[in-house]
Amino acid sequence: MSPTKSRKLLAFGTTVLAGTIGSIIAAHAAPQVDPAKITQMQSKAVCVNPHPTHVDLSKLVVGFSQSESNANPFRAGETKSVRDAAAAFHVKHLIYTNAHSDESRQVADVENMINQGAQALIIAPLDSTGLQPAFAQAKAKHIPIVTLDRRTAGGKCAGYLSFLGSNFYYKQGEIDAKELAKATGGHAVVAEIQGAYGNSVEVARTKGFDDTLKAYPGMKIVAEQTGNWFTTDAQKAMSQILLAHPNVTAVYAQADTMAFGVITALRDAGKKPGQVKIVSIDGTKQGVQDIVSGWIYADDETNPRFGPIAFHELQNWFDGKPVPQHIVLKDHLYTPANAKAALKNNVPF
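In case it helps, mature numbering (1 follows the signal peptide of the UniProt record, and there is no 0) puts the sequence shown at residues -29 to -1, 1 to 320.
Please keep in mind that the hints were generated in silico from the structure rather than gathered at the bench.
Here a beta-carbon is modelled for each residue, glycine too, at the ideal position from N, C-alpha and C.
Simulated pairs of lysine-lysine, DSSO-like, Cα-Cα distance not exceeding 27 Å:
hint, residue 1, residue 2
1, K153, K301
2, K185, K153
3, K243, K149
For each label pair, taking beta carbons as the anchor points, the in silico distance ranges come out as:
hint, residue 1, residue 2, range
4, H25, A308, 41 to 49 Å
5, E195, A79, 28 to 36 Å
6, H113, T235, 44 to 52 Å
Sequences are here, hints too, so could you generate the full structure?
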């Protein structure tokens, strides 16, 4: 073989090897996440790792604690988002647990994940308090925590790094109040079906709605009952309200799961779609379908797609980059004007 031909073959082989290595690296590289495309707001207050290790998430064990059953469409969307993001970031091992609405079980779940070697944690808290013992264990082992959807007690940076969620006050309670006023022309007899009392999301959604409704004197709240985030509880609560207040013309349901119960109660009472105006929160596929069918007037999304930004911020923590203490995701507002198009384009979760 001539020296020239030998050099050409060597160059070709080197090119192929470089291309193969490049493909392998690309296949295992963390996805590029643009926070500006998926977040509405990030706090100026940040947490920064004082001892960055620059370890790649693909080499770590990450724990994800889900608080409620995936029978809830929002929780199912949230769980899928975290699992999909873990795969995209090539996480070595994702430990998944579900507390099924049991606070003590969630504490035990998190502690067990720590004992199993979790080096980072993503937690969807059941309630605003109760997780502090688990947070303390994580802090002692320098395990970073990102929380999803519900605010929880615990010192920023020391207890957990960041809270990812929706703007429960302005982007939900306030918007739903304005949409209900629009649907009723500012005159209505209103019933509220609230989430579990004392829950941070319930408190924010109630305050945002009630405060905003004060600007509409023709809208009177005659009943407020909890549906505990469950369809059957909401159906029972709405049936009781209709017995006491058969003249109800509008309903604020703080979650789609409860709006579905409200619709069943209204059907049982002989009401027709649109006869009682309903606004809801979550933006599930069924909720948006109920807009098309006339039962729901507006549905404000609670975006469950936390996964990419949660893993992105955990990687930032290990790299010594600032992690915002509070991140608000972008949400959709579904109305009769856009519901059909949203369903056609498979936008709702």
